[in-house]
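*Asks:* Taken in sequence, the protein lines are chains F and L. My numbering numbers the first residue of the first sequence as 1 and each following residue consecutively. My numbering numbers the first residue of the second sequence as 1 and each following residue consecutively.
Please keep in mind that the hints were generated in silico from the structure rather than gathered at the bench. Ideal Cβ positions, reconstructed from N, Cα and C, are used throughout, including at glycine. Please note that the accuracy of each hint is not assured.
Claimed, not checked - Listed next, with one range per pair, are the computed distances between beta-carbon atoms:
| # | chain 1 | residue 1 | chain 2 | residue 2 | range |
| --- | --- | --- | --- | --- | --- |
| 1 | F | 311 | L | 279 | 51 to 57 Å |
| 2 | F | 99 | L | 290 | 51 to 57 Å |
| 3 | L | 235 | F | 101 | 52 to 58 Å |
| 4 | L | 171 | F | 194 | 41 to 47 Å |
| 5 | L | 141 | F | 169 | 45 to 51 Å |
Stated by the list, open to error - These stretches of chain F come out as covered by chain L in the derived footprint (C-beta under 8 Å, 3 or more residues):
| # | region |
| --- | --- |
| 6 | 34 to 40 |
| 7 | 129 to 140 |
| 8 | 153 to 162 |
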Amino acid sequence: MTKASSTLAPTGGRTASGLAWCSRYGALAAFGVLLALNIAATPYFLSLQTLNINLTQVCTIIIVAVGMNLVIATGGIDLSVGSLMAISGVLAPMIFLGQVVPVGNTALAVTLAIVAAIGVAGLLGLFNGWLVSRFGIQPIVATLILFIAGRGIAQVLVDGNLQTFSVPQFAWLGQGALLGIPTQVFVMAAIVAAALWTMRRTRFGRYVLAVGGNERAASMAALPVRRIKLAVYAISGLCAGVAGLVVIAINSASDANQIGLGTELDAIAAVAVGGSSLGGGQAHLLGTVLGALTIQLIRYTLLANGVPDAAALVVKAGVIALAVWLQQAQRRK
Amino acid sequence: MEVTRLERLFKHGATIALVVLIAFGAIRYDNFLSLYNVMSVCRTNAMFALVSLGMCFVIMTGGIDLSVGAVAALASVAAAKASPLGVTAGLATGIAVGFAAGVVNGLLVTRARLLPFITTLVTMLAANGCALLLAGNQSVAVSYTSGFTDIGQGDLGIFPIPALIVVALYVLGSLILHRTSAGRSVLATGGGEEASRLMGLRPDATKFAVYAASGALAGLAGVLLAAGSGAGQPTEGVGWELFAIASVVIGGTLLTGGAGSVLATLAGGLLMGTLFTVLNFENGLGVISLSAYWQSVIRGLMLLAVVVLQATVMQRGHRHAT
Chain F
1 MTKASSTLAP
11 TGGRTASGLA
21 WCSRYGALAA
31 FGVLLALNIA
41 ATPYFLSLQT
51 LNINLTQVCT
61 IIIVAVGMNL
71 VIATGGIDLS
81 VGSLMAISGV
91 LAPMIFLGQV
101 VPVGNTALAV
111 TLAIVAAIGV
121 AGLLGLFNGW
131 LVSRFGIQPI
141 VATLILFIAG
151 RGIAQVLVDG
161 NLQTFSVPQF
171 AWLGQGALLG
181 IPTQVFVMAA
191 IVAAALWTMR
201 RTRFGRYVLA
211 VGGNERAASM
221 AALPVRRIKL
231 AVYAISGLCA
241 GVAGLVVIAI
251 NSASDANQIG
261 LGTELDAIAA
271 VAVGGSSLGG
281 GQAHLLGTVL
291 GALTIQLIRY
301 TLLANGVPDA
311 AALVVKAGVI
321 ALAVWLQQAQ
331 RRK
Chain L
1 MEVTRLERLF
11 KHGATIALVV
21 LIAFGAIRYD
31 NFLSLYNVMS
41 VCRTNAMFAL
51 VSLGMCFVIM
61 TGGIDLSVGA
71 VAALASVAAA
81 KASPLGVTAG
91 LATGIAVGFA
101 AGVVNGLLVT
111 RARLLPFITT
121 LVTMLAANGC
131 ALLLAGNQSV
141 AVSYTSGFTD
151 IGQGDLGIFP
161 IPALIVVALY
171 VLGSLILHRT
181 SAGRSVLATG
191 GGEEASRLMG
201 LRPDATKFAV
211 YAASGALAGL
221 AGVLLAAGSG
231 AGQPTEGVGW
241 ELFAIASVVI
251 GGTLLTGGAG
261 SVLATLAGGL
271 LMGTLFTVLN
281 FENGLGVISL
291 SAYWQSVIRG
301 LMLLAVVVLQ
311 ATVMQRGHRH
321 AT
């Protein structure tokens, strides 16, 4: 409560301080080292197929991390993203397979499913924001509720069963390509571009950074602090909803127990590795994209070199702790 | 006036609700208060009560420990592996593994200055991975001949051993909190770290100790899990942290740290355990039909209700104070 941070929020990526650049180059260096390591050690690393695999998989992390970055920029955190992905990923097939309401036209059903699934995820995000802004509940606890209960809701909806489907109109979202580039890359790029524009060019973007930089000052300056918080959590929910759809489209299957498991940590790590302070007041979105690429490359490196899944979890945990620690150490100097 | 009454009601809310719920169950179901049912409720909730006790101390310092479930799962696997060597070996291994995880948490929070939730999310992930590695991706059967299973399944007189362990540790925890300088330094750290440092306390040492203790208690919970179910279970423990946090908050401990009660946490845990028992009885009567997946939803709803209630009471208190 007395932790008043006196630093002014930077007004965008351009005026980032030297230190922030340092930590951004840190992510770049880590990414470079990983690339070099892989070129040397992983067989068939320099192939179009490898690039495609990594691109298709990294998109979901980036999409979630963009929303997470906005929440973190206000000084909050969203642990519920993985579970919201599960809810959206479970809802969509239920709708386009006609289990909720029978819809004759497949294209119409798919559209309805996409809109409804993302909408529900957004509403649940709004609910997180309501808990945080209306009741002043710490973001960790407020979003922890849906972190656990959200996955439970997804499991209850399908009684824990796997849903498989062959609906090309929907699978296109995760398996299709435009000009040889996977569809979800365009979705991801659009979301990143929209977020960049919002943070750099709009008043809302400035407000987000101001709330995270110094909430008291922001509220004294008559900024609509509550509404801004509501908005960022809702955006984070929407992003998670989109990511959940991409995941099930890649697999043509929806498993409530698996969708988005551990994604919250990936997204937080991407933001931290990318150089945005976890204390709020900063949103280096391009850094976050680079952070997500680094996380994905770590995952791929371990997998391609035959490290068992369980051991990969341990390594990933270590890398995330190291990254967050390095980023904080730089900030303290 | 109204505020103080509200706050007092809130303080004893868990105990009052527990009594009401037990009365409801006793009237509605035939065997609700039978010795067998009461003792089995105590037995199955013992491991949750242990992680809640650790969580209570961590939260009172203003931190949080999200790793308790995964650490308990890891400890259950380690204890199962050591169980052929006897009760002591199994118990010591499980607690030691949990303690080690707690030490890692404590070091990362106090030395590396990582935020508690990041630290414990990371150790949650790492403990989960270690458990799967150690167990070879499947549950590990315990030895039934070494007497290890007695810790989880045995009785002393009419009382289940896990329940006795819980009672002993809660009494100990309550004494530490209210009667020792260590306990006061826990509350002082949560109340204001800088102030407690100026008072000559060592908040870092206190924080390290609560994370280590929380880890050791999660380890003991893992031992009870392995001994009670007959197997070390690497994928158990999902949602335990939510149960623990909910017990602590229902018991009236502030999530911001600086105030709390150990015994009320036990009441909070028992309240949730009893609620699930009531739901099971309803299931048995055929009134409702809830799958196991509902458990996490219900836990979430309970935490939601309590957190919102606590926040509302506190906000009112503030408004009156200013």
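*Asks:* Determine for every hint whether it applies to the structure shown.
*Replies:* Here is how each hint holds up against the structure:
no. : hint                      : result
1   : F:311 / L:279: 51 to 57 Å : violated (39 Å)
2   : F:99 / L:290: 51 to 57 Å  : violated (21 Å)
3   : L:235 / F:101: 52 to 58 Å : violated (36 Å)
4   : L:171 / F:194: 41 to 47 Å : violated (57 Å)
5   : L:141 / F:169: 45 to 51 Å : holds (48 Å)
6   : 34 to 40                  : violated (count 0)
7   : 129 to 140                : holds (count 6)
8   : 153 to 162                : holds (count 5)
Hint compliance for this structure: hints 1, 2, 3, 4, 6 are not met, and every other hint is.
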